[in-house]
Amino acid sequence: MRRVGSGDVTLAVVEEGDPARPTVVLLHGYPDTLRVWDEVAALLRDRFHVVRYDTRSAGDSTAPRDPARHAFADLASDLAAVLETLGKPKVHLVGHDWGSLQGWDALSRHGLRERVASFTSLGGPGLAQAAHFLRHGRRRDVLGQLARSWYMAAFQLPVLPELAWSTFMPKLVERTLRAEGAEPRPGHPARTIRADGRRGLWLYRANTVRALGRGDVDRRVDPRVDAPVQILECTRDGYASPALVASLERWPSRCWRRTVVAGHWAHRSRPDAVARMIAEFVTHIEGGPGALSAGAPASRGLRAARVRAGRRAFEDRLVVVTGAGDGIGRATARAFAAHGAEVVCADVDRAAAARVAGEIGEDLGGTAHAAQVDVGNGAEMEAFSRNIVEEYGVPDIVVNNAGVATIGLFLHHGTDDWRRVLGADLWGVVHGCRLFGAQMAGRGEGGHLVNVASMAAYVPSALLPAYSAAKAAVKALSECLRAELAEQGVGVSVICPGFVSTGMARHATYLEEGVRGVAVKALDRRGYPPERVAAHILRAVHANLAVVPVNAEGKIGYALSRISPSAVRALAGLGVREIGKSRGNDRADGRR
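Just add 12 to wherever you are in the sequence shown, counting from 1, and you've got our numbering.
The set of hints was computed from the structure by calculation and includes no laboratory data.
Hints are not guaranteed to be accurate.
Below, in silico cross-link-like pairs of lysine-lysine (DSSO-like), each with a Cα-Cα straight-line distance of 30 Å or less [unchecked claim]:
1. K533 - K567
2. K487 - K567
3. K533 - K487
Here are the computed distance ranges between Cβ atoms for each label pair [claimed, not checked]:
4. R147 - M13: 39 to 47 Å
5. E491 - G426: 27 to 35 Å
6. G123 - R446: 47 to 55 Å
7. R544 - R147: 42 to 50 Å
8. A488 - S178: 47 to 55 Å
9. A582 - E491: 23 to 31 Å
10. R147 - P198: 41 to 49 Å
11. D375 - R57: 44 to 52 Å
12. L172 - Y404: 48 to 56 Å
In this text the structure is predicted, and so the values were computed from the model without any measurement.
Beta carbons: idealized from backbone N, C-alpha and C, even for Gly.
Based on the provided sequences and hints, a complete structural model is requested.
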């Protein structure tokens, strides 16, 4: 630790890493100190020159004689003093909470903005940008943000805030950290938190009332900034609302917006995700591997996060679709590709997967890859998921669609029939959700799992005992997973189509005489194309829908299953009397 003077205060500064590398300056918030960045700094210091310092009145830095000297001009002078000692023409700023407010302010100041190569904002808007939002945002959004910012008014009161920091506030901070999954540790909260909390109140008293209360704020400070800005939105931030964060996109000339599934202190609860995003952004701006200036594309995460007009709904997202060789899987892979996604087409039939991937490139000009996998084979699925991450990265969306059907009465089903159906239709979904769901949760940016079930999940048929049981299990599993993974920002949708005109009836295994022709003709006559199911899948992902019945019979059956279960049970027996005594010899294995 070294000391840097700035006016009548002395700032405590810590440097790590090779000074010859790009410099990343980490600005902490209130009531934190530079130690809040310990985990992130440890992950960055091998690749960058990492600098952090205690702001005035915090941690090991001293306080000004006049407590009112906490205005943004004073904070800007402190930042300038630290930068002067580094000898670097430009640095990359990263700010959290009040550190983020400092960063936005620095981008508007002559003499500082020229020294900022990039800025990453975490959990805090600039006051000029926030003021514009409060004046021009939708009333509902503004009221929601004001409710979150109640403490800003409370901190203007005399005596009481100081008394709170001397008594219960430190414990409240610890409880909040634990609730976010960031256990208190040595250094955070700092041993000086009581004094830091009391003295730091002047950050609010010297800045917020004047900036947010004056009617001429938009004329005093232009909210627009020229530096490239990466906005990290914390999904469970109790202080900055999604509407406020979204409003920041309009101000930088170059903006990236990414999601961290975490609370306000994301750099404590998810340091791996935050450090990775900082590293990718800084490397991109510096012109290193993956930078646009080097003539190569940026990382997938950055490409998907770039804010620009005309972006397609799933542009630069990675989507994995199983059973993509035909039917619903093929239609879904093509639909995602048409909306900008990079698609991995997986199927047990390599030739079919390659054919669909080729179609996507030729017909849509999209990017698609073919892969062969038996979804019911756990070892194959583990290798498949591992290869996907190594070659393309963690998928944003996985559609577990592969499945087979065996048509016949329960007493005519053999053990092999059950193994085949449950292996593909149930275990395939289990493997896909388990492996890819863990990857999504570990990445910390969320994702979406789509499990294609069937109307048979809630309208069973005596002719489809194994298939109905598997699809009912998929529906129940999906709803269980949705509850579990919501905390990780991973959505789960289960799609339940009725009769769809695909080749499934032709490829099914039949255990009864005379059923094949009837089933094939019935599906052909239904005339409901798989492309319409694919549209429902895309809508489910976009809106994070839970259970999605598809087409008329699917929706009617879903309603009946909830309103009149006895009617559904009656439907289950249709066709049994006519074929119940016959044993089919026409068996043909196949897949959907």
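Now for the hints, and whether the structure bears them out:
Of the supplied pair hints, the one linking K533 and K567 holds, its CA atoms being roughly 22 Å apart against a limit of 30 Å. Distance check on the hinted pair: K487 and K567 sit about 15 Å apart at the alpha-carbon level, within 30 Å; holds. Proposed proximity of K533 and K487 is supported: the alpha carbons are some 28 Å apart, at most 30 Å. Taking 39 to 47 Å as the suggested C-beta distance range, the pair R147 and M13 conforms, at roughly 42 Å.
Judged by the Cβ atoms, the range 27 to 35 Å given for E491 and G426 holds: they are separated by roughly 31 Å. In this structure the supplied range 47 to 55 Å holds for G123 paired with R446, their Cβ-Cβ distance being about 54 Å. Judged by the Cβ atoms, the range 42 to 50 Å given for R544 and R147 holds: they are separated by roughly 44 Å. In this structure, A488 and S178 meet the distance hint of 47 to 55 Å, their C-beta atoms being roughly 53 Å apart.
A C-beta distance of roughly 25 Å is found between A582 and E491, which places it inside the suggested range of 23 to 31 Å. For the hinted restraint 41 to 49 Å between R147 and P198, the CB-CB distance of approximately 43 Å keeps it satisfied. In this structure the hint that D375 and R57 lie 44 to 52 Å apart at CB holds, the actual value being about 48 Å. Between L172 and Y404 the Cβ separation comes to about 55 Å, which falls inside the hinted range of 48 to 56 Å.
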